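Asker: Here is what each chain is made of, one letter per residue.
Protein chains: 2
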Amino acid sequence: MNKILILGAGMSSSTLIRYLLDHSCEYDWKITVGDKDAELANSKINGHENAIAVEFDIFDEGSRRKLIGEHDVVVSMLPARMHPLVANDCVILKKHMVTASYVSKEVKELDQKARESGIVMLNELGVDPGIDHMSAMKLVDDIRNKGGKILLFKSSTGGLIAPEYDTNPWNYKFTWNPRNVVLAGQGTSMFIRNGRYKYIPYHKLFGRVEKTTVLDYGEFEVYPNRDSLKYREIYGLQDIPTIFRGTLRRPGFCKAWDIFVQLGMTDDNYQMQDVESMTWRQFINSFLRYEPKTNVEDKLCDYLGLDPDGEVMQKLKWLGIFDDKPVGLNTGSPAQILQKLLEDKWMLEPGDKDMIAMQHKIEYEIDGKRRLITSSMATIGQDAPHTAMSVTVGTPVAIAVKLLLAGKINLKGVHIPIKPELYSPILKELEDAGIRFVDEETEVE
Amino acid sequence: MNKILILGAGMSSSTLIRYLLDHSCEYDWKITVGDKDAELANSKINGHENAIAVEFDIFDEGSRRKLIGEHDVVVSMLPARMHPLVANDCVILKKHMVTASYVSKEVKELDQKARESGIVMLNELGVDPGIDHMSAMKLVDDIRNKGGKILLFKSSTGGLIAPEYDTNPWNYKFTWNPRNVVLAGQGTSMFIRNGRYKYIPYHKLFGRVEKTTVLDYGEFEVYPNRDSLKYREIYGLQDIPTIFRGTLRRPGFCKAWDIFVQLGMTDDNYQMQDVESMTWRQFINSFLRYEPKTNVEDKLCDYLGLDPDGEVMQKLKWLGIFDDKPVGLNTGSPAQILQKLLEDKWMLEPGDKDMIAMQHKIEYEIDGKRRLITSSMATIGQDAPHTAMSVTVGTPVAIAVKLLLAGKINLKGVHIPIKPELYSPILKELEDAGIRFVDEETEVE
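Listed in order, the protein sequences are those of chains A and B.
Counted from 1, the first sequence has number 89 at position 89 by my numbering; the numbering is strictly sequential.
Counted from 1, the second sequence has number 146 at position 146 by my numbering; the numbering is strictly sequential.
Hint data in this document are derived by calculation from the structure and do not stem from the laboratory.
Model, not experiment: these values are computed from the prediction.
Where hints are given, some of them may not hold.
One copy or two, it doesn't matter: identical chains are merged, so the pair holds either way.
Cross-link-like lysine-lysine pairs, in silico, DSSO-like; alpha carbons within 30 Å at most [to be verified]:
1. Lys255 with Lys198
2. Lys255 with Lys293
3. Lys293 with Lys408
4. Lys149 with Lys293
5. Lys255 with Lys299
6. Lys293 with Lys361
7. Lys340 with Lys230
8. Lys293 with Lys211
9. Lys369 with Lys293
10. Lys345 with Lys198
11. Lys412 with Lys30
12. Lys30 with Lys66
13. Lys317 with Lys198
14. Lys361 with Lys299
15. Lys149 with Lys94
16. Lys317 with Lys138
17. Lys353 with Lys36
18. Lys66 with Lys108
19. Lys419 with Lys149
Please model the entire structure based on the sequences and the hints provided.
Answerer: And the structure:
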């Protein structure tokens, strides 16, 4: 009998928990779900015979260590900043650990200790990061194995609303953490194209989009996703002349979102004044010139070169950002206040389904010819808790736990799924579960 | 006999040291100048009988404390981040301290301990901060004392090249720390105008300029200078409907500088790739679209809406930023590389003189009428070490030291010069030294 501890019972854990419960009789697993909200944890196990729910306080070291010590593998679905505490305990108590999060500096530094303890720490096993790594590395390794030389690598992912439920002028709803969406892209994005390094500051990011189509889901925009350069080393593509990672949005989204960026409304670094008496109209006016005889809409159009009757203004008006209604907060940074507005308007409605879309484009040279592989995946959410986000994050994590407990992963230390040993069985099972990539290959002239 | 310790013998200390040496016989002062470069310290005292130069290492606690312990007052002209070390020693050793720098959080927290030690720590005694506070507070206090109500406060300062030596198309040369000039304005600028809060993100800052004229020095542009709102509390203007602080530049500067901001060239947060083999043309191209068939100049004009034959392009071409010459660095952030280019082009030439310009505009209501005071100051540098910057920074600091040692300052703890006790005698003596404000007052309809 193996014992699995799942820490965190939030949105993205639903499918993970369901998968492990569904397979618990077959594999003889006992599952503990810990959350600071024991009720939430309890609702997720729904009385399953092989599971218990417990209240879990990450900062209570004694009970945290006791709980971890009683299990064979720990799956941390907690906020990423809490992973190091869990990871440290896992090293001390010699327990395997699995997460869907980026490897932090703190976790990376535990690599040697984890090896010495004989445990493995598998990270970046969700969708992005996760399925993106696995599907890309499979393509890259396949090309290399047949003697091809990779010349271009582009990879983009987006969490979006499924087409049938795409009912607002932004063609966007919040399908995951709204705060992360509001702050997305801050800093400098960097990539390389035909040997030329390119750097895009945040305030230019949403004006520098490319277009693509994904399967029969129509057109998408792609904006650059932070530091693409570091993926050269991660994927073993050190000398590649073109590498680019992007985020997918529906056409027209970026141009409208850019208005918030230009105005400074996504800034989370200071608290605004007099928020408690602020209306939405005053909020947007705070970022415009003082010109009391000109109305706010005209000032905005003049400032940012917008057509008063154009699509961008229609999107903004639909949000109610020009309304004389209170923002309804007592304090807030621009980003926090904007998030409040968007949460009201971009909330998933009951019955809404989300979509995850992912696409890799890889060009390579073989036998003197240049070829392009376009590998695309789109998956639609199942139902309320089992959104596409929850399914694509939770399923690969759950499969990794299964492989680990079945003794099929012979790794020690800190890893991400870029080796065939990890990505091959996971991608295979994801495909059976309907999360599959469709590859097209063409010759490039 | 009083003993004065001056820490830091760099550019901005020249006039300070000269003043104190010139008055040392009259007041019976012994002066020690400490610098990590003992040669530099020695050159500044130039064999004066009342002075010695010593090598000074801020991080050598033992000798630092010994040196401070041997003096009555310490003037720290070191980089601002080093002040807390000196301040802490001054508290322990019960020595007065004077600086030209902004009060840091660390120094502010020493207020109570400084009071208990019976010492005073005078800060922000240079030009900006310094003369700006003193001259503004004198106007504010005068208006209040005659029963006026202040409705508008605007204050702007600029360190510029003197008109006679203004020989380049930017109408700008480096008259102080180039790094600070390159990074100036980052973050969000905020102010209030007729009761409306306004927030300007960095990428919009240099497009939101006002115009002014200063005395007979012609036209200037003013761009907002970071957080103006906090000056409401500092100056006791809590309920004022309009408060604004700005930086002065010559007309056309901001529009051209904005190109660097838009491109992301003033970013100091990441290191660029392959700097050692980079040309200036490649440097600017790194921030432009990949479009190998279009030349860099055309891409830039198209990207940022520039006239290929316009003034902005002429300024950029004059800098040599389109040249196929190596940048000549091995590593660097965009800001560091840009600074290298500008240092070559904006360097003061031998014989060049700089200028400090400052202007306050204050509107107030009295006897049912609204009045505007425009108070302006401009001062030109004397000669190479005694630039306008050095004179306006060093003279008020030196005067404060004199007042302190003469027992004319009855303050304890951490202060800035916003009280008449400090600003009145200092402004008086500055006026005698030719640093004087010219006030015009008009009725506002």
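Asker: Determine for every hint whether it applies to the structure shown.
Answerer: Results for each hint:
1. Proximity of Lys255 and Lys198 under a CA criterion of 30 Å is satisfied in both settings, with 20 Å inside one chain copy and 24 Å between copies.
2. Taking CA atoms no more than 30 Å apart as the test, Lys255 paired with Lys293 passes in both settings, with 28 Å inside one copy and 26 Å between copies.
3. For the homomeric pair Lys293 and Lys408, neither the shortest alpha-carbon distance inside one copy (71 Å) nor that between copies (52 Å) is at most 30 Å.
4. Proximity of Lys149 and Lys293 under a CA criterion of 30 Å is satisfied inter-copy only: 26 Å between copies versus 63 Å inside one chain copy.
5. For the identical chains of this complex, Lys255 and Lys299 are neighbours both inside a copy (18 Å) and across copies (20 Å), given an alpha-carbon limit of 30 Å.
6. When the C-alpha separation of Lys293 and Lys361 is checked against a cutoff of 30 Å, the pair qualifies only between copies, where the shortest distance is 23 Å, while the shortest distance within a copy is 52 Å.
7. Taking the shortest Cα distances, Lys340 and Lys230 sit within 30 Å of each other only across copies (27 Å), while inside one copy they are farther apart (34 Å).
8. For a Cα distance limit of 30 Å, the shortest separation of Lys293 from Lys211 across copies, 20 Å, qualifies, whereas the shortest one inside one copy, 40 Å, does not.
9. Proximity of Lys369 to Lys293 under the C-alpha cut-off of 30 Å is restricted to the inter-copy arrangement: shortest distance 24 Å between copies versus 64 Å within a copy.
10. For the identical chains of this complex, Lys345 and Lys198 are inter-copy neighbours only, at 26 Å across copies versus 35 Å inside a copy, given an alpha-carbon limit of 30 Å.
11. For the homomeric pair Lys412 and Lys30, the shortest alpha-carbon distance inside one copy (24 Å) is at most 30 Å, but the shortest distance between copies (68 Å) is not.
12. For the identical chains of this complex, Lys30 and Lys66 are intra-copy neighbours only, at 16 Å inside a copy versus 68 Å across copies, given an alpha-carbon limit of 30 Å.
13. In this homomeric assembly, Lys317 and Lys198 come within 30 Å of each other (Cα to Cα) only across copies, at 21 Å, whereas the closest approach inside a single copy is 34 Å.
14. Taking CA atoms no more than 30 Å apart as the test, Lys361 paired with Lys299 passes between copies only; the shortest distance there is 26 Å, against 42 Å inside one copy.
15. In the homo-oligomer, the alpha carbons of Lys149 and Lys94 never lie at most 30 Å apart, since the shortest distance is 41 Å inside one protomer and 71 Å across protomers.
16. Proximity of Lys317 and Lys138 under a CA criterion of 30 Å is satisfied in neither setting, with 45 Å inside one chain copy and 48 Å between copies.
17. In the homo-oligomer, the alpha carbons of Lys353 and Lys36 lie at most 30 Å apart inside one protomer (28 Å), although the nearest pairing across protomers, at 66 Å, exceeds that limit.
18. In this assembly of identical chains, Lys66 and Lys108 lie within 30 Å of each other by CA distance solely inside one copy; the values are 24 Å within and 45 Å between copies.
19. Proximity of Lys419 and Lys149 under a CA criterion of 30 Å is satisfied intra-copy only: 19 Å inside one chain copy versus 73 Å between copies.
In this structure, the earlier hints numbered 3, 15 and 16 are contradicted, and the remaining ones agree with it.
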